[in-house]
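Protein chains in written order, with our numbering: chain A, 17 to 119; chain B, 3 to 952.
If you are wondering where the hints come from, they were derived from the structure by calculation, not from laboratory data.
Yeah, the Cβ is synthetic: ideal placement off N, Cα and C, and Gly gets one too.
Hints may contain errors.
[Claimed, not checked] To list a few chain B residues with every Cβ distance to chain A over 12 Å, as calculated:
1. THR335
2. ALA846
3. ARG949
[Unchecked claim] Chain A is faced by these chain B residues, among others (derived, beta-carbon under 8 Å):
4. HIS200
5. TYR204
6. ALA314
7. ALA315
8. GLY316
9. ALA656
10. ASP657
11. GLU697
12. ARG702
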Amino acid sequence: MLLIACPWCGERDETEFHYGGQAHVAHPADPEALSDAEWGDYLFVRANPKGEFAERWVHTAGCRRWFNVVRHTVTHDISAVYPAGQPRPSAARTSNSAEEVTA
Amino acid sequence: MSNRLPTGGRVDRSTPLRFTFDGVEYTGLPGDTLASALLAGGVLAVGPSLYRERPRGIVTAGVDDPHALVQLERPHSEPMQLATTVELCDGLAATGLQGRGRLDEAPDEAVFDKTYLHTDVLVVGAGPAGLAAALAAGRSGARVVLVDDQPELGGALLGARDEIEGRPACAWVADVCAELDAQPETRVLTRATAIGHHDQNYVLVAERRPDRPGGGGRLWHLRARQVVLATGAHERPLVFAGNDRPGVMSAAAVRSYLNRYAVLPGRRAVVFTTGDSAYTTALELAAAGAGVPALVDTRPAPPVALVEAARAAGIEVLAGSAVVGTEGEACLTAVRISALTDDAQLTGPVRVVACDLLAVSGGWSPAVHLWSMARGTVRYDETLAAFVPDQAAQDVRAAGACAGRYDLAGCLAEGLTAGAEAATAAGFPGTAPAAPPCSGDEPSAPPRPVWLVPGESGDPSTWRDHFVDSQRDATVADVHRAIRAGMRSVEHVKRYTTIGTAHDQGKSCGVAAIGVIAHLLGARSPGEVGTTTYRGPYVPVSFALLAGRERGPLFDPVRTTPAHPWHVRRGAVFENVGQWRRPRYYPRPGEDMDAAVLRECRAAREGVAVMDASTLGKIDVIGPDAGVFLDRLYTNGFAKLPVGSARYGVMCRADGMVLDDGVTVRLAPEHYYLTTTTGNAAAVLDWMEEWLQTEWPELRVRLTSVTEQWSTVAVVGPRSREVLAALAPGLDVSNDAFPFMTARHAELANGVPARICRISFSGELAYEVNVAGWYGLAVWEAVVAYGAHAGITPYGTETMHVLRAEKGYPIVGQDTDGTVTPQDLGMAWIVARHKDFVGKRSFARADTSRPDRKHLVGLLPDDRTELLPEGAQLVAPGADLATVPVDSLGHVTSSYRSAALGRTFALALVRGGRDRIGERVLAPLADGRTVAATIAEPVLFDPKGARRDG
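In isolation and in its complexed conformation, chain B is listed as follows (with noise of 0.2 Å):
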């Protein structure tokens, strides 16, 4: 069966398309939507709802539909795509579902683009209100963008058959189309929905691009000085017994089936309205040469000329009566009339007509929601019966259907006046053009909402074929239910009853629910009650659009070193360290990290093992006044360290808090090289710039990130200076020329110019080569050929942890958390008396003098084999652990198994822990059991140093 008409109609007849759908082949013409190829090929009905698993057919042209969701195979593979948004196209293949679609396991080969672009005028939404808005603005010369979701452009009038200076509306829009085209700084993107408007006229759409490979789409991230919103207005369902039965249509769907599609849904239709514009549907279906045997009008007297035109055509009007009921299984075969009271309850006998589609019209809901996210107040129109715009919050106009305007005129004189003032307000005066004349829709008489229809028998509370959401399943007695419960709030019947909340978020049921709720509430208007939060995105997007092309590789930058190569070449497992790529550790054939781990501890404490240290942050710090600086940021001094000399430092926030640690070195009176934590370099920075700009201005310093430009090789262990001896031959490297602390440059073996200090973080005799980045990877590879010969053994930052830990160095942000100062740390002894520095005054605080603080304390499990697990809490031997809470001492914060104490061990924040040497805590694990451990000093190798000369 074809409902396909033979003429007219925006489809091209001369190239039918293939599709199939819940693996049925059918036709259809390019110009379809899914949906209008399915209903002329005679398929009404998508997919069963979501739990009663009712048979629901199509039910709008567009975005607000509320049933016809399927899941598309081909050309690709979308889960949840509106039957009546798909454009079809030849080959495509889709599934009806059930509410919920499945993602394709498979790659998705679709690709999305973001783009952002700044527009003087944006106009959302080329209906007619829209088009006469970019015309106006346009004119003017200010820069224009005007989106709309469909292929074409034209809104309601594609679907339409109004005429606008005499001739059809749509060659007026084919003439506006061309002189936007025309119009050098004017945009137009169709295909296009606007999903969200936010702060600042920040506006996002969402472009489907269904011409590429894979699908895919653009999202455009605009900001308008001026926005103009012609988003139309959706028909409202009405609530009555059986309404969601496959039959039930949007009258102004029935439209533009009919008229941009050439489809007739039904060949016997009755129309139930409570206002003017149904009547034009009415009188389409019947020229279209459908039986139409009944126009049902809530309102008992509808105007005059209506009706007259509508007897005319030979359909008979009801007036003052409603739809009460449907009848059919799995489609509608007839409905049920009956006569309404004034107070709309139902009298005199029902009357059955048969019919296959039933076009409903409930009224005009504006579509508010983009105004609404910009913060646009609504109030509720009693004569129009619905909530338009108020109060903008923002340079937004509102024009057109959005604003409540429904007469063709009306819209087009809207649309001419909003673009001229966005223009001329934007700064490209303008002035309206005359609005042309045109035939179309009227202004309407007043419509009488009925926004509940009583059921044939019993009473709200058993009303569970009256749908309100027919996409959740939730009926006019689930609303009951929730009232009765004492919600009250339209937002808590919201989320007592899920009415709003699927997929087209009540874009077609949520004011007819407002009416339903200030029915049964009792509430004289819809305006009592009000509308739910509108928030973005206005129609479902993927977040493969969100994303765009940051995910993969590209989801987040990836920093390696200059020796990256190297350690790829040996078989490095790598870890992430902030955005950094570092070696965690080498293992040779066979090893796991315990094992490779404990070999490079070894080569680290008896031979020489080297780590590529590039990652560390470093700041340049240059300026007379770089000493002071320092001096006022970190706990300890720097204005006196002797040039050539590398000092170790703190530095807190104000609250005395550690906010990162690192060394130090005075290359020049006036420069300073900063290293700090490899994860806290760009935040070191920021709080650096911070005190300079707004602390400290009149200092003479400047900072410059040179973490990039020097690459670290670190060289560590006893026969460290022999290899360093080999690698830069013109330097004295005795421990008297070149002693700890210290720096010197010197020229490598190679050429290469290097800076040089002797810092350790494992306790051993080590050295920091510091060289241009560009020779980082030949220096590395220097390093390694000149350690060939005593075993040099490279090492991760497993190893490197393991080897601090020992020594009882804390690393910021594993062994502190930002509750921690220097004295928590046992580090009272880098907190300078007599100068005054951020944090210093926190430090007289009663919380940061408390005896009971947490302290860094070393912790020895009674089984030497038993590793911790980070972030294992701590508690006293006999603490009782069935009554929650359960008093904790503190928590593991480091913990490894060591080569040099043959054991494992931990680092621990524990509750006056210096107080505490000795004792013993149990560690209750997830795992069920209690390990028992002794809390130690902190260095639990090499206490007295004795290892740092080599």
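Same shape as in the complex, but just chain A (with noise of 0.2 Å):
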């Protein structure tokens, strides 16, 4: 069970939380201008690495805010946390990660 470190309420079980997907997916300014493949795209596509991903939670059973974290798919690490709404952090702390991840 993850260790989260919410942005308002500090670091809590991850019961506490909802997990909400890849972080950054927009929900396109004008749908009827997409493409039916672009707007599957948004429906349908996320991205699945194996490493470091930008993902969403909210705090559900607390403040309820949602927030992005990067988490690392492999090992778990969390190098950050950050409001929604702001950039990824471009040099993402890491601290404690595996160097490198083999197959």
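Grab the two chains, each in its own frame, and use the hints to assemble them into the complex.
Have a look at this one:
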């Protein structure tokens, strides 16, 4: 179980949160201008990297605020936590993460 | 026969404890385990093996015992306990098990709790390394938790004759305990086994509390900034013919029984080892008065000092040799010994030595279970012949035997360093104190592992008494067959042979099995084979411990409405809707559900009926942009809804599928009161908050769940207006003054302020009376009282479902399943064309505009009494039911008996259904019958809506 540092409440167990999938996937400003393929990409296609991944979490059983997390999908190391609407930090702090992930 | 030594040990000889095993009475002492007390009483064999029913005995003195399974009957019933870990108490009763326990039918009186705790440094294991680590970490001022599975601290020191600072090691242990006790931020948990080590140093610790009535325990959920694993090492068995016979024990366990429990497990003992550590066992056995005719060492040239010490004690050392077989019926009577060649083949004559105990040391396996669960890697150390911790994946350190450090001085020094480093890393700088002088286990000379001692005859395919995993009765022959079948990976061999899958999960046999696999594969070392994946829990734990107090009524919160006591008094039959308990129907004496529902439906259609609708999700949407916000979420418009009016709305996900529906009332220009389906209230609030926070943070809107704050009474039926007129005497209830889909504030006759909406989920004239939750019961009773003269009838969810289905109103989650659009439901009218909303773009996708999508339609069985089961599949007439897959046209989503229609009916999702009205379909049922039905318009009752205004 992850320990997630909510930007407003501090470190809490994962059970207090809900997962929100990939971060920085904005709802298109003008959906009607998109092709079916482009709209389908927005609806259904998400990145699935082996490594660091910016994703959304919401502190459902706490402050109920949405925020973003950069998590390593193999080691679960959380290298950054930042409020919704802010860009992904360019040099996410890394600590105790495996130097290199091999298959 | 008593094998108890007259002096020594950590047992209290002043108060004998009586207990029974397999119905026979024995006595033991406080400080005993069931196993040590049995050994003291001369009982070696516990229960027969699972498949081959071979006699099996106690092997170890701890959690790694492969055989000593017992069913505990007193002081409380508990299946599958290890005699080596059960603390003896007066009156204990147990029986041996053949690999399987029995759950007690009686309710468990034990109380299990949970505690959540954060700490700076967690130390697992209180042997020399763990105690040293806790001491060093604690001195820094850091919060320290030390956990150990034994009743007292000390680990291996409890079963040894080591000295620290010139005194018996246990005196040093006592001093350390006293210092830890005095540290305000240090907490020590005994009888507490770390069972899992998960992400972000989340460690689960199972604490036993045998002093509690009925047993019980506590599950600790620990979060540690830093973890020191001082979990020790397990002594490995050796694989040779007859290695499962009672009397074959771990050499380290023999030491533990001698020194900690003052029990001599045998009178004439042979020791069989691949390294140094068992020499101490041999010497201590001899010193305790046992005959030790032979010490068999696989190494051709054991360290000279050890050999001389053994010979001085009268022990013959047979170097470069192995035990190749055992003799005896129920218990060991002799071992067969042969010399080994350089490549570990047997050579020369076999010598038979009589003995009743064989103390075996196949080397040591560091207990890397938690380390590995925490995703740390292990590497095979050729010198130690063991898998040892390599790269940590979290803030974890291994110290002592867990790290492959077996000498006492090394364990103490490593523990002190690890503790100080962990505290420093956690923000409490400290330096490791100097290690105390000690005498005990010395650094070992290299062992000579022999992974497979050859049989005296045959080949590996026939070695069926060379046990690899004795719990599973799995032998070298089984491993050989797995490899011949093509298995190469240790994971495959494990699954093929079931090795390592019994209750100890391979603690004793795991690495020995890897050695056998490596040998049979011709690998150079077990390192080439690798280990299987270590998974929690480290020891078996009961579901009762994991559940804690969250069982019975506390398993899941139960939500009831303010009028619930009335429903109970009225004899309602309840159903669970999410966490809510809702009246399903109110049977009169002698009525079944069908009869009650038909009566309740008739009352709603012909007179007046009342339902508790308080469970509806309710959300206050407040702010200058509330209307804009709702316009973006609902498919239809709300910004222009007049104050005092209500509107039905449908919400879709971005993919265009229906998420929820409900009626929203505009109470004030900036205040909407939104309702959701009962089971969806939390999800809809989450959904709205997500869009508000992540996509439209500029909107000035606040959302508040008011589900519990408002109680709702639905008054339904042609005579509902007269009931409302009496209930709210100041309110003009005429159709003109209070038309359909409007809301009014009124003071009820009993003085309660109410928010009354003219909404109908049945097609009848109906009102929903909303009052503050604490008035809910009083207002419900008032409605019933004012309706009494009209025969007002309470109805439950079942009647509500029938009434709405007769009108073709879908229930989201029953008639929809996340693949259904508003258009599929026949609600194209609710999808606005001239505004954007979540999901709108999806209605232009090719898939959502297919003409053959499944539509919600009515379904009338040919037989007017045939009730189709919900979920029944529908096929075209003439469909070939014998050839699978049968082409399905759709399925039944709702099915009821209708009083108003005088027949059964159903709603169904049918491919191209609206173009099939009047066509027949077949429903092949699970009972083998095929039922014919005709597709109909979904609105079967009052299609013109003539009843709405009463």
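Results for each hint:
B/THR335, annotated as away from the interface, keeps every beta carbon of chain A farther than 12 Å; the closest lies near 53 Å. For B/ALA846, the condition that its CB be more than 12 Å from all CB atoms of chain A is violated, with the nearest at approximately 8 Å. Its beta-carbon lying about 41 Å from the closest one in chain A, B/ARG949 satisfies the requirement of being farther than 12 Å from that chain. At its closest, the beta carbon of B/HIS200 sits 6 Å from a beta carbon of chain A; the interface hint therefore holds under the 8 Å criterion.
With a cut of 8 Å, the hint placing B/TYR204 at the interface with chain A holds, because the nearest CB-to-CB distance is about 5 Å. Violation of the interface hint for B/ALA314 is found here, the shortest Cβ-Cβ separation to chain A being roughly 52 Å, above the 8 Å cut-off. Violation of the interface hint for B/ALA315 is found here, the shortest Cβ-Cβ separation to chain A being roughly 51 Å, above the 8 Å cut-off. Because the closest C-beta pair between B/GLY316 and chain A is about 55 Å apart, greater than 8 Å, the hint is violated.
For B/ALA656, the interface hint holds, the least distance from its beta-carbon to any beta-carbon of chain A being 6 Å, beneath 8 Å. A least Cβ separation of about 5 Å between B/ASP657 and chain A falls short of the 8 Å threshold, and the interface hint therefore holds. With its C-beta approaching chain A no nearer than about 5 Å, B/GLU697 sits inside the 8 Å limit, and its interface hint holds. Nearest Cβ of chain A to the Cβ of B/ARG702: about 16 Å, over the 8 Å cut. The hint is violated.
When each numbered hint is compared with the structure, violations occur for hints 2, 6, 7, 8 and 12.
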